[in-house]
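> Here are the chains, one letter per residue:
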Amino acid sequence: MASGGDPRSTVEAPDEPLPWHPYGARRSEFIESLGRAAVIGVDGECAVRMPRDLLGPYPSDRLAASVGGVDRTGEPWLARFRVATRSFAPVDGLRFLLAVKSRDLRLEEEPGHDLLFWADVAALVAERCECQRFVPSLRQDGDGSLRAFWRPWLQDEEATEQLTMLLSAMPPVARGVDDDLGDMAWPRLEAALEAMTDDLVRTMLRREDFIDAIDGRDAADPHVLWLAGLLDGTQLLTLEGDSTVKIIRSARAWISRLDDFALGQSLRLRLDLVPPAIEGEPWSLSIGLAATDDTTLYVTAEDVWKATPQAAQLAGESDPQDVLLTELGRAAQLWPALEPLLSEAMPGQINLSTIEAWSLLGEFRPLLEESGCIVAVPSWWGGQQNTIGLRMIIESGGFDELDGPPRGMASSIRYRWQVAVGDQPLSLESLRRLRDQRSPLVQVDGRWIEVDQTQLAKAIDLLERQDETETTLLDAMRVASEGVEEETGLTVLGVEAEGWVESLLNGPDEGAVQDLPQPDRFEGMLRPYQRVGLNWLGFLDRCGLGGCLADDMGLGKTVQLIALLQHERANDGVVGPTLLVVPTSVVGNWTRELDRFAPELTWHVQHGPDRPVGEAFRSKAANVDVTITTYALVARDTETLGGVPWHRVVLDEAQYIKNPPTKQAQAIRGINADRRIALTGTPVENRLSELWSIMEFCNPGFLGTAPDFRRRFARPIERHRDADAASSLRGLVQPFVLRRLKTDRNVIDDLPECVETREFATLTTEQATLYQSVVDSMIGQVDRTEGIQRRGLILAMLAKLKQICDHPELSVSGDDVVVAAGKGESLRRLSERSGKSRRLMTLLEEVLATGERALVFTQYRRMGKLLSAMIEHDLGCRSLFLHGGTPMKKRQEMIDEFQSPEGETPIFVLSLKAGGLGLNLTAANHVFHFDRWWNPAVERQATDRAFRIGQTRTVHVHKFVCMGTLEERIDRMIEEKTQLAEQIIGTGDSWLTEMDTRELRDLLLLRGNAMEVEV
Amino acid sequence: MSRADLSSKAPRPSRRRGGRIRLKIEEQQLREAPVSQMWLTTIESIVGTKSMHDGLLAAQDGAVRSLRVECGVISGPVQADAETSLPVRIELSTIDEAGWQRLVEAMACEAIWAAKLLEGEIPTGLGDLFRGCGTPLLPEPELIRTEIERGGRRDAWRIAALGWIASERFFRDPLAILAVRGLPCGDLVERISHHRALRTQGETVAHPPVVLDPAVAAGPPLADCLETWWRPHSHVHDLERAAHASHALLRRLGASTLEGKFPMSGLLATIYDEAAAEAARLLDAPLGEEDASD
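Chains as they are written, first to last, in this note's numbering: chain E, 1 to 1015; chain F, 1 to 294.
Careful, some of the hints might be misleading.
[To be verified] Just a sample of chain F residues kept apart from chain E, beta carbon distances all over 12 Å, derived:
id, residue
1, I25
2, G48
3, T49
4, L86
5, T135
6, H207
[What the hints assert, rightly or not] Quick look at which bits of chain F chain E covers, simulated, 3 or more residues with Cβ under 8 Å:
id, region
7, 194 to 204
8, 210 to 220
9, 223 to 236
10, 245 to 259
It is worth saying that the hints were derived from the structure and are not from the lab.
Note that beta-carbon positions come from the ideal geometry of N, C-alpha and C, so glycine has one too.
Throw the hints in and build the complete structure from the sequences for me.
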């Protein structure tokens, strides 16, 4: 590029290479970010078009958000750049993208929207192939060469809907590559779909040597010719002259048979199957025509032949008789049982044998439907109430059986099978009668049921040699959860249990578990639903089973766990140590909550470079009730932590292990402990694999391997909204997950209207260093000055320290945060630089996951801007930001958007001065005070934006405090209502200026627990 | 002029009456219609003027019992006496593949050829185009062979009679001459379209195009997307998937129309099963079972 003047007016010199994009990852970073996928590609580079303005190229939204936004000048335009690439074979690209989609592959960076988009495309490719929706095709290129290839079949309504959705979602950057495919969205998408489909099928065919199937066959045979191109690696067909046109023409004619002839037509053939009133008599199948756009509007064939007004009205401009005959002829090609109708002058109805009816219901209905017919079948068809299945009957002892060492999932139980139709058990005699009828559809007590005779024979055999099977609870639950019993192939309809397993399956709400009293030493009062949680945790503990307490944020998961720790010590005497794994940002919260609610419990924080190891750690852990460590450390200290016989491992914010393949998640799952509890407000944030990961920690092996879980549950539920799979999974995990929402009837009555909690945060090293340096440098100056100058200095110092507690970026002069263009340095996430912001992001994530809305108050406008950027970067969510400079009109628009049920901005950042008064923001039920005003009245006024008339839910107020800093000490003074606190109220920070230097130093001094220790 | 217009103005076509075809169209009209005129000139140069005249009268009198127009052959029995008739054949050489290829390439250059042929009309200048490609629309008389079973020189009027009846067929369906010369009009149009697709789109394919809303398929202009460059314009959500019958597409396709002998459907059924299983494996564990759990 030439330099000087308006860069838009410059032209690229033909021999000059394109400039590298300054925000494109360097090759080494790029390759590293691909993780394990990086090994399968070839390095290269390509030209891309990216937006830029006079200041330079734009960074991506996420990169910009990670540093608080970028400055822009003038109108942007598209410019060409070079970026590093890694090329994959299409099938390897497919694997990579599917791994991104399923989170099997841990990338070093969060995948961008374009990568996620292509991952969705890859999923579509694999799913079309999985359900056999692909076809062989031919292409002749401009140079005359003829190629055979496999292509997804995209000419059905389902595919059209998916394609439209994908094209609408395609981020523009996905079209930014400057190549022959141009700007249009569809050619690029089509090329990707085709390349991945072809390579998926072709790779498999080559691996399995399918080419051998045509070895030695007549090479001039058009089938052999085409197959040679489909099975081989080259795709090329060797043909001359008219042969090319002929083979393409013939292939086109053949493939055109898949055209939905009814597409674009206003009428479709409708088939109505009606069972006989008396078993043994024929089934009736009548034909007619239905409106394509509303299939409930239809006329019978009789109407059509008699040309009734109804038929004429439905047909509109079409000739209904022609349509009926054409469509009937086409349907008869697919299902020959219809052929007798064609020999009638005015076909309308046909009788079917039971076997013919069954073949229509099971085999031909989907085929006819996807060819454009409407097949109306009895409503009972396909329901569990009309198929024979198995129910597992588990027999276990009473609660006494649980005495002794808990065996958890290894506990012995006995089970037997019961054959049933829906919830109605069938006796052996009834089954034999069904077998003797030898019919695939029979009536039992007036209800039609489908009978697979092979399965029935196996079921009879199973019952005839019915023995109670003794197995482990884990195996029984897994067999029940498989959905299909292996030996008979029959569907498992459900599980019934007696004894303690019944209590387990019924869950805590049924009152089957033992009611535990609130521990005597618990400092406070457990709410009723928290007592239920304690009972449930106690029951699982007794069974030796792991569980996930997944109550909504603010319902008190911490206190329920603390109460459990107290309960077992009060009842069981000597109890082994508990390992508590938490995010770094909540270590302080836990120590405070333990001290507050259970001061008798001893704890040790295993963190920092001086943490004990080996025997010293074992000894330390053995002598305290709770050892608190962090997620980051578990992976590093696997050996140290593994040397302790833990009584229990508890994960707080268990969503931290949501990515199953991470070393961290694997290390945590590998910790040896008798009991396991996961605490999280969001057991599933994005994908069901997160639930698998948590359950794999709680009860290893219970949900099978990750691929197995994906096949059985994750894909059917996530991709296809499979209600049966969802119900099955719900039934399976229900005993081990207790989740109460704030809106639950049982909970809402127990909750006060406003719940206030302190959110304690640590300082990052950067914050702590800045804090200490400000105290060190300014306290001396304060000591050397007097009067107004001294007071001014103290106020300036306090403001500086409060800002540092908020975020180190606030201590940097200047209003805006600008991306360091072109330096190529690794930009750290903004939220990671502050303990408070990191904690806030975690809490906001839970707010978003539950579909709630929040207000975030800060005193500092720049902090508000940073928070907005972090929310966008970390949570992928746009937020509103109201400050003193927001015009009145804009302010009202923001309020309206936030309050609107359809609004897409669930988080509202407000400066305390601009947003603390006069606004009605009752759509929020969470209020976060990111920094403190030290005046409860001012904070209350801000809180009242949400907690006011019109608010129908409990409002959760979260007040952030940096531990070990002036924030904590002032907060404690206010909480304890000291005399000093009385002085504080209503005076802002001015009272602090009256302190002598010694008092001031004591107030400001950074305590040892303030800093998050780097490990 | 469309075929419909033509037929509305044309005289009543010949109809078989008691196993005879009578020529109904006036000689003048036949001599003015492009293909018929060319055809009659060629036949006349073979049989001579007198036989041509006799043949006209015989054709008008219903001497030709039936007419078959096939690739390279026009044939039909022509009356011998009240009870019998003699089979008559006029054999024309067909245009070879290389010739058709030249013609297709030439006709693919201009849309008018395919457009007119699709309308059922003989495009003006078709004869010139054929000649220009070295393949006249009708072969030279010396390349036309006539044959009358058990007939002699005096029976040339029979050839002319068959020629007159054939000219009436060409009057009504001038494009039938293409089939006689080796390539039915539909096939020619398809080949022209194929070549045109190659020229205009750079490729031609056997599968149908996907029909999408053009605005969605194009996407908004990139220049209008600079402020939202990195963001998806909407979210992809999961769809409920309809039940798909096993081998549904293959069963709907039915037996191949490619006239191959190799049992392709059987092999495809296996391929569909194996590919479906492969796709399921990839969806469950894209990086393989071992990788997924490490």
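> Taking the hints in turn, state whether each one holds.
So, going through the hints one by one against the coordinates:
Every beta carbon of chain E lies more than 12 Å from that of I25 (chain F), the smallest distance being close to 35 Å; the non-interface claim holds. With 12 Å as the threshold on Cβ separation, the claim that G48 (chain F) sits away from chain E holds: the shortest Cβ distance comes to roughly 38 Å. With a cut of 12 Å on Cβ distances, T49 (chain F) stays outside the contact zone with chain E, its closest approach being about 40 Å. The claim that L86 (chain F) is not at the interface with chain E holds, since no C-beta of that chain comes within 12 Å of its own (minimum 37 Å).
No beta-carbon of chain E is positioned within 12 Å of the beta-carbon of T135 (chain F); the least distance is around 15 Å. Not every Cβ of chain E is farther than 12 Å from the Cβ of H207 (chain F); the closest lies at roughly 4 Å, contradicting the non-interface assignment. With a cut-off of 8 Å between beta carbons, the region 194 to 204 of chain F has 6 residues touching chain E; three or more are needed, and the interface restraint holds. Only residues whose C-beta sits within less than 8 Å of a C-beta in chain E count toward coverage, and the region 210 to 220 of chain F has 9 of them, enough to reach three; the restraint holds.
Counting residues of the region 223 to 236 of chain F whose CB lies closer than 8 Å to any CB of chain E gives 13, so the stated coverage by that chain holds, three being the minimum. Only residues whose beta carbon comes within less than 8 Å of a beta carbon in chain E count, and the region 245 to 259 of chain F has 14; three or more means the coverage holds.
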